[in-house]
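J.: Below are the chains, spelled out letter by letter.
Number of protein chains: 4
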Amino acid sequence: MNDTHPTGRTRRPVSEAAEAVLYRPVEVLDHGSVTLIDYMGDDESIPNAARMSYGRGTRSVSDNEALLRYLIRNKHETPLEMVQAKFHVKLPIFVARQWMRHRNSYNELSARYSVLDREFYIPAPEHLAAQSRTNRQGRAEVLEGEEAARVLDLLKAESARQYASYTDLLAEEDEDRDGLTRELARMCLGTNIYTQFVWSVSARALLNFLHLRADAHAQYEIRAYATAIIDEIATPWLPITMRAFADYLRDAVSLSRQQADLMRALAAHVPDGAIDPADFGLKGRELRELMDKVPGLEAKLKG
Amino acid sequence: MNDTHPTGRTRRPVSEAAEAVLYRPVEVLDHGSVTLIDYMGDDESIPNAARMSYGRGTRSVSDNEALLRYLIRNKHETPLEMVQAKFHVKLPIFVARQWMRHRNSYNELSARYSVLDREFYIPAPEHLAAQSRTNRQGRAEVLEGEEAARVLDLLKAESARQYASYTDLLAEEDEDRDGLTRELARMCLGTNIYTQFVWSVSARALLNFLHLRADAHAQYEIRAYATAIIDEIATPWLPITMRAFADYLRDAVSLSRQQADLMRALAAHVPDGAIDPADFGLKGRELRELMDKVPGLEAKLKG
Amino acid sequence: MNDTHPTGRTRRPVSEAAEAVLYRPVEVLDHGSVTLIDYMGDDESIPNAARMSYGRGTRSVSDNEALLRYLIRNKHETPLEMVQAKFHVKLPIFVARQWMRHRNSYNELSARYSVLDREFYIPAPEHLAAQSRTNRQGRAEVLEGEEAARVLDLLKAESARQYASYTDLLAEEDEDRDGLTRELARMCLGTNIYTQFVWSVSARALLNFLHLRADAHAQYEIRAYATAIIDEIATPWLPITMRAFADYLRDAVSLSRQQADLMRALAAHVPDGAIDPADFGLKGRELRELMDKVPGLEAKLKG
Amino acid sequence: MNDTHPTGRTRRPVSEAAEAVLYRPVEVLDHGSVTLIDYMGDDESIPNAARMSYGRGTRSVSDNEALLRYLIRNKHETPLEMVQAKFHVKLPIFVARQWMRHRNSYNELSARYSVLDREFYIPAPEHLAAQSRTNRQGRAEVLEGEEAARVLDLLKAESARQYASYTDLLAEEDEDRDGLTRELARMCLGTNIYTQFVWSVSARALLNFLHLRADAHAQYEIRAYATAIIDEIATPWLPITMRAFADYLRDAVSLSRQQADLMRALAAHVPDGAIDPADFGLKGRELRELMDKVPGLEAKLKG
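Residue numbers (the working numbering), protein chains in the order written: chain A, 8 to 310; chain B, 8 to 310; chain C, 8 to 310; chain D, 8 to 310.
Where hints are given, some of them may not hold.
Non-contacting residues of chain C with respect to chain B, defined by C-beta distances greater than 12 Å in every case (computed) [as the list claims (entries may be wrong)]:
| hint | residue |
| --- | --- |
| 1 | THR14 |
| 2 | VAL90 |
| 3 | LEU159 |
| 4 | VAL208 |
| 5 | HIS224 |
| 6 | ALA253 |
Quick list of in silico lysine to any residue cross-link-like pairs, SDA-like style, CA-CA up to 20 Å [claimed, not checked]:
| hint | chain 1 | residue 1 | chain 2 | residue 2 |
| --- | --- | --- | --- | --- |
| 7 | B | LYS300 | A | ASP254 |
| 8 | C | LYS300 | D | ALA274 |
| 9 | A | LYS82 | B | ALA171 |
| 10 | A | LYS300 | B | ALA259 |
| 11 | D | LYS82 | C | VAL301 |
| 12 | D | LYS82 | C | HIS218 |
| 13 | B | LYS300 | A | LEU159 |
| 14 | B | LYS300 | A | ARG110 |
| 15 | B | LYS300 | A | ALA253 |
| 16 | A | LYS82 | B | ALA274 |
| 17 | C | LYS82 | D | VAL33 |
| 18 | D | LYS82 | C | ARG264 |
| 19 | B | LYS300 | A | ARG80 |
| 20 | C | LYS309 | D | ALA272 |
| 21 | C | LYS82 | D | ALA253 |
| 22 | A | LYS82 | B | ALA272 |
| 23 | D | LYS309 | C | HIS276 |
| 24 | D | LYS82 | C | HIS224 |
| 25 | D | LYS300 | C | ALA225 |
| 26 | D | LYS82 | D | ASP258 |
| 27 | B | LYS82 | C | TYR120 |
| 28 | B | LYS82 | A | LYS290 |
| 29 | D | LYS300 | C | ARG80 |
| 30 | B | LYS163 | D | MET107 |
| 31 | A | LYS290 | B | LEU217 |
| 32 | B | LYS82 | C | ARG80 |
| 33 | B | LYS300 | A | ALA225 |
| 34 | D | LYS163 | B | ALA171 |
| 35 | A | LYS82 | B | ALA212 |
| 36 | A | LYS163 | C | ALA167 |
| 37 | C | LYS300 | D | MET107 |
| 38 | A | LYS300 | B | ALA212 |
| 39 | B | LYS82 | A | SER40 |
| 40 | B | LYS82 | A | VAL260 |
Simulated from the structure, these hints should not be mistaken for lab results. All values reported here derive from a predicted model rather than from experimental measurement. Even glycine gets a Cβ: it sits at the ideal position worked out from N, Cα and C.
Same shape as in the complex, but just chain A (with noise of 0.2 Å):
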């Protein structure tokens, strides 16, 4: 590693992986990106604050990731709150706009003091989508040839514009005139010039965050750094809790009491035995959990 962060001793617990992460900018987007710059925390805190909880009844839950997948499993997510991260991030104002929804911690970038960069996003080709025709909220195909080409050049020549009009509103360089206040001029960008911000977050509005944001209904681009977050930060540092969060959150199912009924009345077609919940990587405690939400599941499983 080649940045100049001096390595220090600490008594805390030291995530090797997070470590290895910490200031390394992961690039997201044409000029973003995301980068840790100080944590708190690793998997094992999470159980330990349970344990705090839960008291001497937890000393059956002998095994760290089981308690852990057992708390996400079952919503107890305050001990998430005991781990912390800190990040900076660079990223296109409309994509600020809806990261700043999570009512998380923030210190932007204020366009009232600082000139801000000449960086605006714009869409790689192949995230041109168009508008559906019918329905409001996703992407179509993807534009192509004369009409992407179109696209591209509008927006480019349009950020080129705003710029202009901004640095000419401003006249920072002009001896001769006055410039308009920055807090006045800033307004005439679009929201895809780049802002950045520090973000201080608990595991547990960071899995929140993720959930929401790495989701296939979300926008392209607030997904593209969901998704870096979780390959590139969260699991390396947390590999126990990132698991649990897939199985549990980001490709659970919740089924509305009705659509429970439906899927549990499947139960009564299926033969004696005909299914291995081996099969399924199910056993223990959230293979009982099953058999209690599907009366008369149990006949159906083998061995």
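Fit chains B, C and D to the known structure of chain A by using the hints.
T.: Chains B, C and D alone, transformed into the frame defined by chain A:
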């Protein structure tokens, strides 16, 4: 209604059912109660706020109930923050301690300033559960006969003695000696003494509270309060919201990836057309959402 | 009142003044507005909640106003959370970005789903401040004459051109080609385009917002909203609270230990009895609190 | 240090002083303690986050300490959220009840699952305050002699008897009869029994806690914890922040408009040049801020 709160005129949303329960204590446990003392908004306020977010996009969901159910089913919960309630609650301290883990807004009676009344929670005989020897978390069978009588006698004697000690320490009626400061004298009282607070809470936080505290895993005493709020206050006031709460939160089933995979595998054993979704009250968007979650299910459905 | 909101009957606290402004937009900036759309509680709700906390202890403060002022002066702010308001706000995006740093509850119009209207904030000529060359944080003198005209022309031209690009990208009216998805097309619009949101906020958070955003250091545009809320909505609705806000928050002075020591030293130079506290509206508890803070002051006071 | 926490290597900010107190319980009251068990960041993390917000604008405030003091003096507190701490606290329940009014993150030992240890808070004789007969909120003189002995005997006897009842109700050692469930048996214990929790808190919320709970109006017992944190943990770990805390929060004076007006009037009686700001450690920006608050003060200052 024989209370003295005058009736005024307002252009705010009015819920007749909420007006009917306003200021009327719902009795809980032996000396406890929960009372709605103010509210803001009704069932319509929630889809109205969502329409602000989704703009013209929600015109197609013309039906308030369908939109409200969609929001809750898909955990789009911020519109629920647009509805607020304020409760007066009288409850034992050990229940208040569980309640206040919900980080809402409280103004609690302080025993630093006031002398507490001589009211202690003594469980009804049918709630005198024994400690399970196999599971530390639930109650086992109910104590009966001589053992129950012994426990009740001991609890009553403890409470009486504690209150006598409290009074003795305070020496409020005693002209001849100084009493111990109230803020210290209170500490000899058991957590079954009653306290009270005012609780200000959004509908979002209220549903979360009711979901966790009306659950079978919650301690009986706080469950009694949650159930009273559901039955006597929230359901009359917000009937559509509370039906969605039942279907999508209280009676919903969350399946891990592994559990969902096993349930999906059941479908392969079901003859085509064997399941009629109408038997489960499923149609439209909610049925399509289930078919999206369970590949191959569509063929098994009738019609 | 010619709007169509029907009047109903309620036993909740009613503020006649709040009823009078309900649903009536207060105009702010060139196309903006702020409208009270619901409220819970009034001035009396705050001391009433405090009396719950302090119990019989507050009997001696029989006067609502005195208790309310005591609470705010001494930063006992939780009773303010017992009063809630809901606003509809229409405002430029750059103002919304400052506003939403206050981590309250919002439902904002989403340009992912809706096409934004052609409304941009263009400052009135008297607010076209130049950038101070000595202080990055405030505005300097107002631009005038040719320079002002040039800036206004540029801002108007930018907005017109941006909206033309937006429309072109969307191609909503064009049968022959696909438009760019709304969630991307929006990003070429400057942050002076108008958005809108519903804002649910407690009186505590509202006072904090007004304190920071009506302050002379806040940017003029958000100050215009804060001032409109104070003058047209909050003061009529909560007159006693807002007088306390002015005296103890807006116009209060916080002195560091060092600054306070210097101010205390002034007293040594003042002849005994030279200062009449009545000239400053000071008496009773608030005067005693000042004497506690400034040793030796008592002798300097008349009477 | 003879504890067994291994030392690792990290590139995160390290505070040597925090490392020295890590995992080392600071004793409070008769059986209580507070222990720093993890931390994130140090004094420099706060101005660094502020520099992100203010961007190039803060180049002029090159000195970390000056910027940190400016932030705290002017209540720009979000950068304080970039620093986090985690504590283990052992304390009587009545103190925990006050502590948890601060809506931070807690994992508390639950007496539903664990049997509590036989540890009760019994005040030291010098803290056995009498109840003031004139002011319900503070303690009066200390009880002495026979009265003190009587109170101590009563408190000790109560605690012993309560724990005997608790043990009797639980019947954990008794093979012949069922015990009452733990979640009910606990309720006969007074709130002077010890509990424990893990507390995760940002530096912003920590300073707010310390400001309110180290204050002379706070109950002695929680003040003992706040003072221990200030002296033994926070000051070594964050020395610059805690000096600013003392000057701008703990020892600051807030004056209402009326109080401020009276204090300003004192200046008229002071001869020109009579006050030397250096005597009060005032210069530069902080002195100018005071002159802005007190018109006419400048003439009274020396030099």
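J.: Evaluate each hint against the coordinates.
T.: To see whether the hints hold, each was checked on the structure:
{"no.": "1", "hint": "THR14", "verdict": "violated (5 Å)"}
{"no.": "2", "hint": "VAL90", "verdict": "violated (8 Å)"}
{"no.": "3", "hint": "LEU159", "verdict": "holds (30 Å)"}
{"no.": "4", "hint": "VAL208", "verdict": "violated (10 Å)"}
{"no.": "5", "hint": "HIS224", "verdict": "holds (29 Å)"}
{"no.": "6", "hint": "ALA253", "verdict": "holds (24 Å)"}
{"no.": "7", "hint": "B:LYS300 <-> A:ASP254", "verdict": "holds (15 Å)"}
{"no.": "8", "hint": "C:LYS300 <-> D:ALA274", "verdict": "holds (17 Å)"}
{"no.": "9", "hint": "A:LYS82 <-> B:ALA171", "verdict": "violated (43 Å)"}
{"no.": "10", "hint": "A:LYS300 <-> B:ALA259", "verdict": "holds (10 Å)"}
{"no.": "11", "hint": "D:LYS82 <-> C:VAL301", "verdict": "violated (24 Å)"}
{"no.": "12", "hint": "D:LYS82 <-> C:HIS218", "verdict": "holds (12 Å)"}
{"no.": "13", "hint": "B:LYS300 <-> A:LEU159", "verdict": "violated (36 Å)"}
{"no.": "14", "hint": "B:LYS300 <-> A:ARG110", "verdict": "violated (30 Å)"}
{"no.": "15", "hint": "B:LYS300 <-> A:ALA253", "verdict": "holds (16 Å)"}
{"no.": "16", "hint": "A:LYS82 <-> B:ALA274", "verdict": "violated (28 Å)"}
{"no.": "17", "hint": "C:LYS82 <-> D:VAL33", "verdict": "violated (30 Å)"}
{"no.": "18", "hint": "D:LYS82 <-> C:ARG264", "verdict": "holds (15 Å)"}
{"no.": "19", "hint": "B:LYS300 <-> A:ARG80", "verdict": "holds (19 Å)"}
{"no.": "20", "hint": "C:LYS309 <-> D:ALA272", "verdict": "holds (14 Å)"}
{"no.": "21", "hint": "C:LYS82 <-> D:ALA253", "verdict": "holds (18 Å)"}
{"no.": "22", "hint": "A:LYS82 <-> B:ALA272", "verdict": "violated (26 Å)"}
{"no.": "23", "hint": "D:LYS309 <-> C:HIS276", "verdict": "holds (15 Å)"}
{"no.": "24", "hint": "D:LYS82 <-> C:HIS224", "verdict": "holds (13 Å)"}
{"no.": "25", "hint": "D:LYS300 <-> C:ALA225", "verdict": "holds (18 Å)"}
{"no.": "26", "hint": "D:LYS82 <-> D:ASP258", "verdict": "holds (15 Å)"}
{"no.": "27", "hint": "B:LYS82 <-> C:TYR120", "verdict": "holds (18 Å)"}
{"no.": "28", "hint": "B:LYS82 <-> A:LYS290", "verdict": "violated (29 Å)"}
{"no.": "29", "hint": "D:LYS300 <-> C:ARG80", "verdict": "holds (19 Å)"}
{"no.": "30", "hint": "B:LYS163 <-> D:MET107", "verdict": "violated (29 Å)"}
{"no.": "31", "hint": "A:LYS290 <-> B:LEU217", "verdict": "violated (31 Å)"}
{"no.": "32", "hint": "B:LYS82 <-> C:ARG80", "verdict": "violated (40 Å)"}
{"no.": "33", "hint": "B:LYS300 <-> A:ALA225", "verdict": "holds (18 Å)"}
{"no.": "34", "hint": "D:LYS163 <-> B:ALA171", "verdict": "holds (15 Å)"}
{"no.": "35", "hint": "A:LYS82 <-> B:ALA212", "verdict": "holds (15 Å)"}
{"no.": "36", "hint": "A:LYS163 <-> C:ALA167", "verdict": "holds (17 Å)"}
{"no.": "37", "hint": "C:LYS300 <-> D:MET107", "verdict": "violated (30 Å)"}
{"no.": "38", "hint": "A:LYS300 <-> B:ALA212", "verdict": "violated (26 Å)"}
{"no.": "39", "hint": "B:LYS82 <-> A:SER40", "verdict": "violated (29 Å)"}
{"no.": "40", "hint": "B:LYS82 <-> A:VAL260", "verdict": "holds (13 Å)"}
Comparing the model with each earlier hint shows violations of hints 1, 2, 4, 9, 11, 13, 14, 16, 17, 22, 28, 30, 31, 32, 37, 38 and 39; every other hint is respected.
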